[in-house]
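Asker: Protein chains in written order, with numbering that gives the first Met the number 0: chain A, 0 to 172; chain B, 0 to 172.
Hints are not guaranteed to be accurate.
Identical chains share a label here; the pair holds if one copy fits it or two copies do between them.
For lysine to any residue, the following SDA-like pairs were computed, each having C-alpha atoms within a straight-line distance of at most 20 angstroms [unchecked claim]:
#1 K71 - M60
#2 K71 - G98
#3 K13 - Q137
#4 K71 - E45
#5 K71 - R89
#6 K13 - Q134
#7 K71 - P40
#8 K71 - I34
#9 K71 - D91
#10 K71 - Q102
#11 K71 - L19
#12 K13 - V29
#13 K71 - V90
#14 K71 - C22
#15 K71 - V48
#16 K71 - S61
Keep in mind that the hints were calculated from the coordinates and are not lab data.
So you can see what is in the structure, the chains are spelled out below.
There are 2 protein chains.
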Amino acid sequence: METSTRWLTAEEQKVWRQFLTACYALFGAVDGQLIRDSGLPHGYYEILVHLSEAPGRALRMSQLATASTFSKSRLSHAVSRLEERGLVIRVDCATDRRGQIAQLTDQGMAALEAAAPGHVEQVRRSLIDALTPEQVRQLGEITGAMIAAASPDAASGCQEADVGCHGIEDDLR
Amino acid sequence: METSTRWLTAEEQKVWRQFLTACYALFGAVDGQLIRDSGLPHGYYEILVHLSEAPGRALRMSQLATASTFSKSRLSHAVSRLEERGLVIRVDCATDRRGQIAQLTDQGMAALEAAAPGHVEQVRRSLIDALTPEQVRQLGEITGAMIAAASPDAASGCQEADVGCHGIEDDLR
Chain A
0 METSTRWLTA EEQKVWRQFL TACYALFGAV DGQLIRDSGL PHGYYEILVH LSEAPGRALR
60 MSQLATASTF SKSRLSHAVS RLEERGLVIR VDCATDRRGQ IAQLTDQGMA ALEAAAPGHV
120 EQVRRSLIDA LTPEQVRQLG EITGAMIAAA SPDAASGCQE ADVGCHGIED DLR
Chain B
0 METSTRWLTA EEQKVWRQFL TACYALFGAV DGQLIRDSGL PHGYYEILVH LSEAPGRALR
60 MSQLATASTF SKSRLSHAVS RLEERGLVIR VDCATDRRGQ IAQLTDQGMA ALEAAAPGHV
120 EQVRRSLIDA LTPEQVRQLG EITGAMIAAA SPDAASGCQE ADVGCHGIED DLR
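Produce the complete structure using the sequences and hints provided.
Answerer: In structure tokens form, the structure reads like this:
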């Protein structure tokens, strides 16, 4: 690989470094706002969002790992913390002995609804309102291309996310 | 804040979620490649890069914290790991009793040079080569706007980074 390294041009290098700086600033601001105002790190908030949008507000832990930013071990830790706060409950899956289901509680839904306005305001301040509508559109195309470039992993992730656990609502509702 | 929440439009919401997905995919791929091929998480690699570019290949720990993605406590842990591997040394600052200096060793420079080609290849695969030259240019403007939106923090960070520790090279060279 060494002999044929295609080093970044000065412009590419600048964009890559700016991208890193911009991401760290954005994620730091988004995480900081959520922790300060809602006591929820961004990753925890996203777990609640994913659950809130799932049928029965419940997902298998393996689906949640795929949808979220967490490894399975870190997800397990995060869900335990959310359980302690009464925002999520975890139960065994009726149709799959290997599986466990995480479900958003009413208290978790209320916490999410309370946290959302401040979070959206921060996302606007750090990203959306900082860009022109044309740049928002461009960013959609750019991030689409980035996701496509990662497609071997993304595709297998989507397949895993499609594996449902039937009987969730019967178990939990 | 609740009464005046400017919720994201469907398009803005889509771009924000794609941005998150794209970033997780990118950072996962970049981190994974570096760990797999060089035994260096991306954050550690960046510490070596920052040191390699500093005068005398050395920075105060506070400057390194500002330049890197780490909090001071996590940076201290990371630098300890890099010290154990002989890639960095840490010494007291001659002109500031509060300060400590981290310096890249020759072995650290060699590790960085060995890791760089594979890392650059991954950055190309995950980002630069996935975009058209026009999109790379657009991303430069977009990330510039994001950094400007975070400017209160960025500005104070730059001030801190400007505080040099004179005598670094006398101490260490």
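Asker: Can you give me the call for K71 and P40, within, between, both or neither, at a CA distance of at most 20 angstroms?
Answerer: both (17 angstroms within a copy, 19 angstroms between copies)
Asker: At most 20 angstroms between C-alpha atoms: does K13 with V29 qualify within a copy, between copies, both, or neither?
Answerer: between (24 angstroms within a copy, 17 angstroms between copies)
Asker: Cα distance capped at 20 angstroms. Does K71 pair with V90 within a copy, between copies, both, or neither?
Answerer: within (16 angstroms within a copy, 39 angstroms between copies)
Asker: At most 20 angstroms between C-alpha atoms: does K71 with C22 qualify within a copy, between copies, both, or neither?
Answerer: between (24 angstroms within a copy, 19 angstroms between copies)
Asker: First find the shortest C-alpha distance between K13 and Q134 inside one copy, then the shortest across copies, and answer within, between, both or neither for a cut-off of 20 angstroms.
Answerer: both (19 angstroms within a copy, 14 angstroms between copies)
Asker: Up to 20 angstroms between alpha-carbons, please classify K71 paired with Q102: within, between, both or neither.
Answerer: within (16 angstroms within a copy, 36 angstroms between copies)
Asker: When Cα atoms must be at most 20 angstroms apart, do K71 and G98 count as within-copy, between-copy, both, or neither?
Answerer: within (12 angstroms within a copy, 39 angstroms between copies)
Asker: Go through the copies and call it for K71 and L19: within, between, both or neither, with a Cα cutoff of 20 angstroms.
Answerer: between (25 angstroms within a copy, 19 angstroms between copies)
Asker: If the cut is 20 angstroms between Cα atoms, do K71 and R89 qualify within a copy, between copies, both or neither?
Answerer: Within one copy, since 14 angstroms is at most 20 angstroms while 35 angstroms is not.
Asker: With identical chains treated as interchangeable, where does the CA-CA distance between K71 and V48 reach 20 angstroms or less: within a copy, between copies, both, or neither?
Answerer: within (18 angstroms within a copy, 31 angstroms between copies)
Asker: One pair to classify: K71 and S61, alpha carbons no more than 20 angstroms apart. Within, between, both, or neither?
Answerer: within (7 angstroms within a copy, 33 angstroms between copies)
Asker: Cα distance capped at 20 angstroms. Does K13 pair with Q137 within a copy, between copies, both, or neither?
Answerer: both (19 angstroms within a copy, 12 angstroms between copies)
In summary, this structure violates none of the numbered hints.
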